[in-house]
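**Q** Counting from 32, one number per residue, gives the positions in the sequence shown under the working numbering.
Treat the hints with caution; some may be incorrect.
[As the list claims (entries may be wrong)] Subject to a maximum C-alpha distance of 25 Å in a straight line, what follows is the list of computed DSS-like cross-link-like pairs (lysine-lysine):
hint, residue 1, residue 2
1, LYS198, LYS172
2, LYS309, LYS438
3, LYS202, LYS170
4, LYS124, LYS198
5, LYS348, LYS422
6, LYS202, LYS189
7, LYS172, LYS189
8, LYS170, LYS124
9, LYS303, LYS353
10, LYS43, LYS170
11, LYS202, LYS172
12, LYS353, LYS214
13, LYS353, LYS422
14, LYS214, LYS189
15, LYS202, LYS214
16, LYS189, LYS124
17, LYS170, LYS214
18, LYS172, LYS214
19, LYS124, LYS303
[As the list claims (entries may be wrong)] If you anchor each label on the Cβ, the simulated ranges turn out as follows:
hint, residue 1, residue 2, range
20, GLY74, GLN196, 39 to 45 Å
21, TYR116, LYS438, 46 to 52 Å
22, LEU272, PHE383, 46 to 52 Å
Since the hints were derived computationally from the structure, they do not count as laboratory data. Being a predicted model, the structure only gives us computed values, none of them experimental. By construction, the Cβ of each residue, glycine as well, lies at the ideal position given by its N, Cα and C atoms.
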Amino acid sequence: PGKAALDLSQLKLLVDPPREWQQEFVDGWRILRDWFYDPNVHGGIERWNAVRARYEPLVAHVATRQDLDYLFQELAGEMQAGHVYVQQGDQPKVERTPGGLLGAEIVADASGYFRIERIFPGRDWEERNRSPLDAPSAKVKAGDFIIAVDGVDTRTVKNFYQLLQGKGGQKVDLRISPRADGKGARSLRVETLTSELNLRYADWVSARRAMVDRLSGGRIGYIHVPNTAVDGNRELFRGMLAYADKEALIIDDRYNGGGFIPDRMIELLARKPLNYWKRRGLDPQATPMLSHNGPKAMLINGLASSGGDALPYYFRKLGLGKLIGTRTWGGLIGISGNPSLADGGTLLAATFRFLDTDGNWAVENEGVSPDIEVIDRPELLAAGRDPSVEKAVSELLAELTRHPGRKIVAPAAPTSFGAPTP
Numbered sequence: 032p033g034k035a036a037l038d039l040s041q042l043k044l045l046v047d048p049p050r051e052w053q054q055e056f057v058d059g060w061r062i063l064r065d066w067f068y069d070p071n072v073h074g075g076i077e078r079w080n081a082v083r084a085r086y087e088p089l090v091a092h093v094a095t096r097q098d099l100d101y102l103f104q105e106l107a108g109e110m111q112a113g114h115v116y117v118q119q120g121d122q123p124k125v126e127r128t129p130g131g132l133l134g135a136e137i138v139a140d141a142s143g144y145f146r147i148e149r150i151f152p153g154r155d156w157e158e159r160n161r162s163p164l165d166a167p168s169a170k171v172k173a174g175d176f177i178i179a180v181d182g183v184d185t186r187t188v189k190n191f192y193q194l195l196q197g198k199g200g201q202k203v204d205l206r207i208s209p210r211a212d213g214k215g216a217r218s219l220r221v222e223t224l225t226s227e228l229n230l231r232y233a234d235w236v237s238a239r240r241a242m243v244d245r246l247s248g249g250r251i252g253y254i255h256v257p258n259t260a261v262d263g264n265r266e267l268f269r270g271m272l273a274y275a276d277k278e279a280l281i282i283d284d285r286y287n288g289g290g291f292i293p294d295r296m297i298e299l300l301a302r303k304p305l306n307y308w309k310r311r312g313l314d315p316q317a318t319p320m321l322s323h324n325g326p327k328a329m330l331i332n333g334l335a336s337s338g339g340d341a342l343p344y345y346f347r348k349l350g351l352g353k354l355i356g357t358r359t360w361g362g363l364i365g366i367s368g369n370p371s372l373a374d375g376g377t378l379l380a381a382t383f384r385f386l387d388t389d390g391n392w393a394v395e396n397e398g399v400s401p402d403i404e405v406i407d408r409p410e411l412l413a414a415g416r417d418p419s420v421e422k423a424v425s426e427l428l429a430e431l432t433r434h435p436g437r438k439i440v441a442p443a444a445p446t447s448f449g450a451p452t453p
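Throw the hints in and build the complete structure from the sequences for me.
**A** Now the structure itself:
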């Protein structure tokens, strides 16, 4: 439209919050009624009309947008279904000023300074997985002392992170010394993180991977799938390539945050080699490249949800191996989008529900139960153990003893174009 465009930068709208909240309550109630997978709204329209009559008088007492969300949460609870979420609308938010983090465990030392206990490895080519003290130029190691932050002596604070308050994502100057007396200190300038979540998650996975490798003598591969969206698909793809030569696989579905229905993921796990190719100097390689012929086990728990419910259900359905751990969350009434409210808030109405191949409702509000129940007791986890992993390794090693895998070895190449060598 060019110069003829109407300038809306000064446009203002007068909103009467109580009237808007009344409208939004009715709209939210209607959205749940009209978009939910079951036209009877889990109990009949008469019941749903009664739900409105019960809660609508309370709208007159709503004093803030948060109060309205509380009412919406009660309304959502009346659906008696998973995935019916309340998402905030237009309401005041306090701007967060993040503290700085270094991607390391920092502990107090008797000297009064703070010591770097360990540094979480990073992948510097991805910003979300960057680890400041692990950068090649940092030249910092576990056991070094942080003497000062931006010129402030660390002995002046009881909590190290006081010195990084409000400095998330900023460059700070650290004085690093290999000695507890601070001698030989040098300056190091780093850019802090605002979250260590990805680094600590990667460290947790690496510890489980190393545990499986040690307990199995290198015979079993370990893959954790954090969700059934982008990260989970990427990790499964990477893991199946990395562990194509392992005799068995552990697929860890614990804490899986869901995402999409994991039909593609289960297809990859179910693949078997169709043939092999011999290349000069290499062992025979399978087609499909992403396939595995050995036994498998899947770990599950109560924090495996949505797509994380579906993945172990499919795993059992296809007979790929045993499920080990505790019952999953049980949320397979799913969402695919619906209209939002006037101020941008949303009540998500679950629009589809899981049926088994016999036409029965399944998984929702039940979860997927393990074949072998194992409880990851917190004191064992704190001691560096992982009962579910240990049980899976034990089960798979026993399976390999009963049914040892057969390694494909190429025969000698033929010596002529006649009949092949027997």
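**Q** Does each hint fit the structure? Answer for all of them.
**A** Against the structure, the hints:
Note on LYS198 and LYS172: the hinted pairing holds, with a Cα-Cα distance of about 23 Å set against a maximum of 25 Å. Between LYS309 and LYS438 the alpha-carbon distance is near 14 Å, which keeps this suggested pair within the 25 Å criterion. For the hint linking LYS202 to LYS170, the alpha-carbon distance of about 17 Å falls within 25 Å, and the restraint holds. Note on LYS124 and LYS198: the hinted pairing holds, with a Cα-Cα distance of about 20 Å set against a maximum of 25 Å.
In summary, the hint linking LYS348 to LYS422 is supported, as the alpha carbons are separated by about 22 Å, within the 25 Å threshold. About 22 Å separates the Cα atoms of LYS202 and LYS189, which keeps this hinted pair within 25 Å; it holds. In summary, the hint linking LYS172 to LYS189 is supported, as the alpha carbons are separated by about 23 Å, within the 25 Å threshold. Between LYS170 and LYS124, the direct Cα distance comes to roughly 40 Å. Violation of the 25 Å bound is thereby established for this hinted pair.
A hinted pair counts as satisfied when its Cα atoms are at most 25 Å apart, and LYS303 with LYS353 qualifies at roughly 18 Å. A distance of roughly 55 Å separates the Cα atoms of LYS43 and LYS170; the hinted pair therefore is violated under the 25 Å criterion. Proximity of LYS202 to LYS172 is assessed by CA-CA distance (about 20 Å); at most 25 Å being required, the pair is judged to hold. A hinted pair counts as satisfied when its Cα atoms are at most 25 Å apart, and LYS353 with LYS214 does not qualify at roughly 57 Å.
Taking the CA atoms of LYS353 and LYS422, the gap is near 11 Å; set against the 25 Å cutoff, the hint holds. At roughly 21 Å between alpha-carbon atoms, LYS214 and LYS189 fall within 25 Å of each other, so this suggested pair holds. Annotation: proposed proximity of LYS202 to LYS214 holds, straight-line Cα distance about 24 Å (limit 25 Å). The hinted pair formed by LYS189 and LYS124 fails the criterion: a straight-line CA distance of about 31 Å is larger than 25 Å.
The hinted pair formed by LYS170 and LYS214 meets the criterion: a straight-line CA distance of about 17 Å does not exceed 25 Å. Proposed proximity of LYS172 and LYS214 is supported: the alpha carbons are some 16 Å apart, at most 25 Å. With a CA separation close to 52 Å, the supplied pair LYS124 and LYS303 exceeds the 25 Å bound. At roughly 51 Å, the beta carbons of GLY74 and GLN196 sit outside the given window of 39 to 45 Å.
Between TYR116 and LYS438 the beta carbon distance is about 49 Å. The supplied range of 46 to 52 Å therefore holds. Take LEU272 and PHE383: their Cβ atoms lie about 33 Å apart, and the range 46 to 52 Å is violated.
When held up to the earlier numbered hints, the structure conflicts with 8, 10, 12, 16, 19, 20 and 22 and fits the remainder.
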